[in-house]
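Visitor: One letter stands for each residue in the lines below.
Number of protein chains: 2
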Amino acid sequence: MTASSSAPSSADDAAAVLAAARRAKDAATSLATATRRVKDAALYAIADALVAREGEILRANADDVARVERSGATAAFIDRLRLDADRLAAIARDARKVAGLPDPVGEIVRGGVLPNGLELRQIRVPLGVVGIIYEGRPNVTVDAASLCLKSGNAVLLRGSSSAASSNAALVDVIRGALAGTELPVDAVQLVPGTGHDAAKHLTRARGLVDVLIPRGGAGLIRSVVEESTVPVIETGVGNCHVYVDADADLDQALTVLLNAKTSRPSVCNAAETMLVHAAVADTFLPRALAALREAGVTVHGDARVAAYDPAVVPATDEDWDREYLSLDIAAAVVDSLDDAIAHIRTHGTGHSEAIITRSQAAARRFVAEVDAAAVLVNASTRFVDGGEFGFGAEIGISTQKLHARGPMALPELTSTKWVVVGDGHVR
Amino acid sequence: MTASSSAPSSADDAAAVLAAARRAKDAATSLATATRRVKDAALYAIADALVAREGEILRANADDVARVERSGATAAFIDRLRLDADRLAAIARDARKVAGLPDPVGEIVRGGVLPNGLELRQIRVPLGVVGIIYEGRPNVTVDAASLCLKSGNAVLLRGSSSAASSNAALVDVIRGALAGTELPVDAVQLVPGTGHDAAKHLTRARGLVDVLIPRGGAGLIRSVVEESTVPVIETGVGNCHVYVDADADLDQALTVLLNAKTSRPSVCNAAETMLVHAAVADTFLPRALAALREAGVTVHGDARVAAYDPAVVPATDEDWDREYLSLDIAAAVVDSLDDAIAHIRTHGTGHSEAIITRSQAAARRFVAEVDAAAVLVNASTRFVDGGEFGFGAEIGISTQKLHARGPMALPELTSTKWVVVGDGHVR
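From first to last, the protein sequence lines are chains A and B.
Under the working numbering, think of the first position of the first sequence as 1, with each following residue one higher.
Under the working numbering, think of the first position of the second sequence as 1, with each following residue one higher.
Derived from the structure by calculation, the hints contain no laboratory data.
Take the hints with a grain of salt, since some may be wrong.
Derived contacts from chain A toward chain B, CB cut-off under 7 Å, selection only [what the hints assert, rightly or not]:
id: 1; residue: 30
id: 2; residue: 33
id: 3; residue: 35
id: 4; residue: 36
id: 5; residue: 118
id: 6; residue: 210
id: 7; residue: 254
id: 8; residue: 255
id: 9; residue: 289
id: 10; residue: 383
id: 11; residue: 405
id: 12; residue: 415
id: 13; residue: 416
id: 14; residue: 423
id: 15; residue: 424
id: 16; residue: 425
Within a straight-line C-alpha distance of at most 20 Å, the following computed SDA-like cross-link-like pairs (lysine to any residue) qualify [said to hold, decoys possible]:
id: 17; chain 1: A; residue 1: 25; chain 2: B; residue 2: 30
id: 18; chain 1: A; residue 1: 25; chain 2: B; residue 2: 342
id: 19; chain 1: B; residue 1: 25; chain 2: A; residue 2: 227
id: 20; chain 1: B; residue 1: 25; chain 2: B; residue 2: 229
id: 21; chain 1: B; residue 1: 200; chain 2: B; residue 2: 342
id: 22; chain 1: A; residue 1: 25; chain 2: B; residue 2: 369
id: 23; chain 1: A; residue 1: 200; chain 2: A; residue 2: 18
id: 24; chain 1: B; residue 1: 200; chain 2: B; residue 2: 223
id: 25; chain 1: A; residue 1: 200; chain 2: B; residue 2: 197
id: 26; chain 1: B; residue 1: 200; chain 2: A; residue 2: 338
id: 27; chain 1: B; residue 1: 25; chain 2: A; residue 2: 171
id: 28; chain 1: B; residue 1: 25; chain 2: A; residue 2: 338
id: 29; chain 1: B; residue 1: 25; chain 2: A; residue 2: 347
id: 30; chain 1: B; residue 1: 97; chain 2: B; residue 2: 392
id: 31; chain 1: B; residue 1: 200; chain 2: B; residue 2: 12
id: 32; chain 1: B; residue 1: 25; chain 2: A; residue 2: 339
id: 33; chain 1: A; residue 1: 97; chain 2: A; residue 2: 367
id: 34; chain 1: B; residue 1: 97; chain 2: B; residue 2: 25
id: 35; chain 1: B; residue 1: 97; chain 2: B; residue 2: 37
id: 36; chain 1: B; residue 1: 25; chain 2: A; residue 2: 368
id: 37; chain 1: B; residue 1: 200; chain 2: B; residue 2: 225
id: 38; chain 1: B; residue 1: 25; chain 2: A; residue 2: 346
id: 39; chain 1: A; residue 1: 25; chain 2: B; residue 2: 200
Positions of the beta carbon are idealized from the N, C-alpha and C atoms, including for glycine.
Go ahead and model the full structure; you've got the sequences and the hints to work with.
Guide: This is the structure we're talking about:
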């Protein structure tokens with residue numbers, strides 16, 4: 001293809017993305033005032049349709065899986081992409097669960113009466129149009145649609161090309177279900193066009209799209225942040241640390257460390273680095289290194305850690321910054337709580353950081369001085385999750401400081417509006 | 001100057017801005033754990049120093065004023081730039097007032113105990129480093145520094161070149177005062193370098209600066225939003241409407257309209273467009289047009305408005321989108337509440353929108369369907385202000401939906417952190 005023929009195609013893509021965003025904005029207007037009853041009915045209709053149209057969804061997914069298998073993708077990648085009847089039923093159940101959650105819209109956040117008699121209320125309202133840019137997990141398509149609909153937002157979904165057929169089928173089912181409800185069909189749309197350009201056009205749709213949430217690897221998130229003039233909520237990259245303090249209960253430390261590293265290594269709240277205070281290194285590290293080895297974990301240690309176990313792989317400078325997402329962990333001995341905090345400040349990604357200690361003073365300092373979405377005392381980093389926090393759902397974990405920080409659920413998909421009621425009041 | 005000589009100068013500027021941002025980030029670390037007692041002491045020290053060093057501040061300001069006068073600036077521009085002893089005393093009083101406000105840091109936003117016994121608290125923490133990009137109003141220099149210090153943030157100030165000497169003197173006084181306190185001097189810095197480039201480097205300091213708040217005209221705000229990879233909070237542009245409903249109390253309508261337009265035309269919460277329901281046009285418009293004329297207001301009306309008064313200037317398409325910030329108002333007759341809402345949806349900037357009505361149903365629909373930071377019923381748009389809302393201070397009025405919407409005060413200069421405390425809890 002020549003440059004002259006690709007230019008108009010990109011312009012067409014841009015026009016198609018903007019047209020979809022305009023339809024989403026129109027849909028958002030009626031969604032904003034939809035009652036909970038109407039929104040929940042739509043979610044139940046979607047759940048029913050996902051089950052009723054299982055055959056076509058699974059056929060479309062099989063096409064994606066076959067194509068990706070031919071391209072030589074990893075087993076883990078294919079596993080995230082694959083749907084079966086059980087997984088689809090679980091996705092439908094999740095949509096019903098979102099219907100059961102309280103409606104965030106209309107909630108009064110603050111309010112009262114001013115000295116001059118003006119009534120003032122700050123109420124939750126939908127954001128408007130939410131764009132989700134994500135990788136090859138078809139369950140995100142339904143999750144994101146459910147959460148956005150429940151919070152009164154229209155959603156523009158930009159999935160991975162690896163899941164193109166699955167997403168097309170799922171969104172067709174969702175829109176088919178919406179057609180039988182009082183909500184506008186264009187409340188849920190796939191972003192048209194192909195490849196990186198379609199996502200790029202979405203990042204430039206300022207004024208039509210209210211927020212973009214990239215879900216995926218660090219590269220995807222960085223490129224969205226760099227390109228976007230639409231506000232972005234960064235999610236997910238987690239180089240999480242477990243720090244075993246001089247005053248730690250070492251049994252607790254070992255239990256928490258193993259849980260944080262091995263209970264689900266592929267997720268962002270898994271531990272990626274352990275820091276051990278020098279005062280307990282002699283007693284803790286031999287036990288910990290043996291237990292980690294037994295659990296199949298490769299330890300990338302500094303020289304002081306390596307001295308305890310010849311199986312330790314010498315850590316390079318890169319190891320302190322790596323989000324392994326695998327059965328690997330970086331490990332260092334630190335001489336003080338200060339050094340542990342300084343290490344986390346340098347290498348952490350602001351996701352979840354844990355201290356194991358019996359010392360009230362150490363816990364207090366760690367909580368105050370470590371700058372992260374979540375800081376944990378004597379608990380596994382794996383708890384940092386919307387479901388575990390009792391939110392009932394999660395659209396991602398924000399690692400930025402603006403708007404939302406930590407697990408994001410329905411309230412985080414809203415903005416607010418001030419309502420001021422008077423009786424001819426002037427200033 | 002040739003291109004080859006300007007390139008290194010820009011690189012030097014960039015390095016200087018990044019170095020300042022790094023110092024700010026270091027300062028933010030100790031600010032984050034500073035107690036209210038320490039922060040308030042610093043604010044009182046700053047207020048005292050502003051009064052004690054009045055002479056040098058006013059001399060620096062006189063230099064700015066003389067230079068700007070020679071360049072032929074408007075009287076309004078010069079008035080915003082000019083300081084005198086009274087104005088400086090008022091600025092110092094405002095810093096003391098901020099000291100008297102509650103500390104937002106540490107406030108527990110949500111909290112409780114999970115079913116598994118984990119204690120969960122969401123607490124307010126500082127954002128970190130806040131960048132303020134603003135135009136030629138030296139009072140903003142002190143206001144922004146006070147609010148950022150009180151909320152535990154370091155601040156990078158990028159003022160206008162027109163106020164360069166004033167800002168340099170003010171920041172020198174502030175830093176001098178900080179040197180005698182427990183807070184780091186680099187908590188308050190002027191962004192080094194000159195011209196547009198210095199602001200631009202600030203917009204690229206991702207990872208060092210946590211949020212940028214542009215305060216000023218639409219052009220400044222748009223350029224910051226377009227260039228920035230740092231999260232931005234948009235402020236200020238207000239094309240605010242007053243809609244006089246078919247069921248309005250017309251005396252109230254006239255009082256509110258005049259207040260919204262004329263009490264301070266140069267500010268963002270002043271009314272810029274009035275919409276009048278056709279059913280009351282015959283009774284309301286002759287009175288309103290006469291009263292506006294008497295108040296010195298030029299009305300830019302559509303044909304139906306112009307029919308009532310030959311002094312009405314025919315409105316062009318641009319008038320519906322203009323933020324006059326002067327004694328001008330656009331005016332149109334609408335045939336329904338729907339038409340009024342549609343007009344506001346097309347032309348509003350999401351700042352403050354008012355309806356005047358006795359109808360509960362009309363008020364309810366207007367509040368629900370108009371998408372703005374503030375919607376007012378039977379009250380002047382001029383009330384949308386941090387001071388009027390009882391916040392004690394204001395760093396700007398956000399017209400975006402993420403993080404903060406409407407008047408922003410101390411809580412809006414914070415983020416949150418989840419604190420999770422267990423006893424060896426694993427998942």
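Visitor: Next step is simple, just say for each hint if it's right about the structure.
Guide: Evaluation of the provided hints:
1. Evaluation of the residue 30 of chain A hint against chain B yields a violated restraint, the C-beta minimum of about 10 Å exceeding 7 Å.
2. Taken as an interface hint, residue 33 of chain A checks out: its beta carbon lies about 5 Å from the nearest beta carbon of chain B, inside 7 Å.
3. Proximity of residue 35 of chain A to chain B is violated relative to the hint, the smallest CB-CB distance being about 11 Å (cut-off 7 Å).
4. For residue 36 of chain A, the suggested interface contact is broken, since its CB lies about 14 Å from the closest CB of chain B, more than 7 Å.
5. Annotation: residue 118 of chain A was flagged as interfacial toward chain B, and the flag holds, the nearest CB pair being 6 Å apart, inside 7 Å.
6. Look at residue 210 of chain A: its Cβ gets to within about 5 Å of chain B, closer than 7 Å, so that hint holds up.
7. For residue 254 of chain A, the interface hint is violated, since its Cβ never comes within 7 Å of a Cβ in chain B; the closest pair sits about 10 Å apart.
8. Given the 7 Å rule on beta carbons, the hint for residue 255 of chain A holds: about 6 Å separates it from the nearest Cβ of chain B.
9. The interface hint given for residue 289 of chain A is broken, as the beta carbon of that residue sits about 19 Å from the closest beta carbon of chain B, more than 7 Å.
10. Given the 7 Å rule on beta carbons, the hint for residue 383 of chain A holds: about 6 Å separates it from the nearest Cβ of chain B.
11. The interface hint given for residue 405 of chain A holds, since its Cβ lies 5 Å from the closest Cβ of chain B, which is under the 7 Å cut-off.
12. The restraint placing residue 415 of chain A at the interface with chain B holds, with a minimum CB-CB distance near 4 Å, inside the 7 Å limit.
13. Interface hint status for residue 416 of chain A: upheld, as the beta-carbon distance to the closest one in chain B is roughly 5 Å, under 7 Å.
14. The closest approach between the C-beta of residue 423 of chain A and any C-beta of chain B is roughly 6 Å, which is under the 7 Å cut-off, so the hint is satisfied.
15. The interface hint given for residue 424 of chain A is met, as the beta carbon of that residue sits about 4 Å from the closest beta carbon of chain B, less than 7 Å.
16. Annotation: residue 425 of chain A was flagged as interfacial toward chain B, and the flag holds, the nearest CB pair being 4 Å apart, inside 7 Å.
17. For the given pair, residue 25 of chain A sits about 44 Å from residue 30 of chain B by alpha-carbon distance, which is inconsistent with the 20 Å threshold.
18. Only pairs whose Cα atoms come within 20 Å are accepted, and residue 25 of chain A paired with residue 342 of chain B is accepted, the gap being roughly 13 Å.
19. At most 20 Å may separate the alpha-carbon atoms for a hinted pair to count; residue 25 of chain B and residue 227 of chain A exceed this at roughly 25 Å.
20. Between the alpha carbons of residue 25 of chain B and residue 229 of chain B the distance comes to roughly 17 Å, so the proposed pair stays at or under 20 Å and holds.
21. For the hint linking residue 200 of chain B to residue 342 of chain B, the alpha-carbon distance of about 37 Å lies beyond 20 Å, and the restraint is violated.
22. Note on residue 25 of chain A and residue 369 of chain B: the hinted pairing holds, with a Cα-Cα distance of about 13 Å set against a maximum of 20 Å.
23. Restraint check: the Cα-Cα separation between residue 200 of chain A and residue 18 of chain A comes to about 11 Å, which is no more than 20 Å; the hinted pair holds.
24. Pair hint residue 200 of chain B plus residue 223 of chain B holds up; C-alpha atoms about 9 Å apart against a cutoff of 20 Å.
25. Between residue 200 of chain A and residue 197 of chain B, the direct Cα distance comes to roughly 26 Å. Violation of the 20 Å bound is thereby established for this hinted pair.
26. Distance check on the hinted pair: residue 200 of chain B and residue 338 of chain A sit about 35 Å apart at the alpha-carbon level, beyond 20 Å; violated.
27. For the proposed pair residue 25 of chain B and residue 171 of chain A, the alpha carbon gap of about 44 Å is over 20 Å, so the pair is violated.
28. Proposed proximity of residue 25 of chain B and residue 338 of chain A is supported: the alpha carbons are some 17 Å apart, at most 20 Å.
29. Between residue 25 of chain B and residue 347 of chain A, the direct Cα distance comes to roughly 15 Å. Compliance with the 20 Å bound is thereby established for this hinted pair.
30. With a CA separation close to 8 Å, the supplied pair residue 97 of chain B and residue 392 of chain B stays within the 20 Å bound.
31. With a C-alpha separation of about 13 Å, the suggested pair residue 200 of chain B and residue 12 of chain B falls inside the 20 Å cut-off, and the hint holds.
32. The hinted pair formed by residue 25 of chain B and residue 339 of chain A meets the criterion: a straight-line CA distance of about 18 Å does not exceed 20 Å.
33. About 33 Å separates the Cα atoms of residue 97 of chain A and residue 367 of chain A, which puts this hinted pair outside 20 Å; it is violated.
34. For the proposed pair residue 97 of chain B and residue 25 of chain B, the alpha carbon gap of about 26 Å is over 20 Å, so the pair is violated.
35. Restraint check: the Cα-Cα separation between residue 97 of chain B and residue 37 of chain B comes to about 14 Å, which is no more than 20 Å; the hinted pair holds.
36. At most 20 Å may separate the alpha-carbon atoms for a hinted pair to count; residue 25 of chain B and residue 368 of chain A meet this at roughly 16 Å.
37. Annotation: proposed proximity of residue 200 of chain B to residue 225 of chain B holds, straight-line Cα distance about 11 Å (limit 20 Å).
38. Between residue 25 of chain B and residue 346 of chain A, the direct Cα distance comes to roughly 12 Å. Compliance with the 20 Å bound is thereby established for this hinted pair.
39. Restraint check for residue 25 of chain A and residue 200 of chain B: not satisfied, since their Cα atoms lie roughly 31 Å apart, outside the 20 Å limit.
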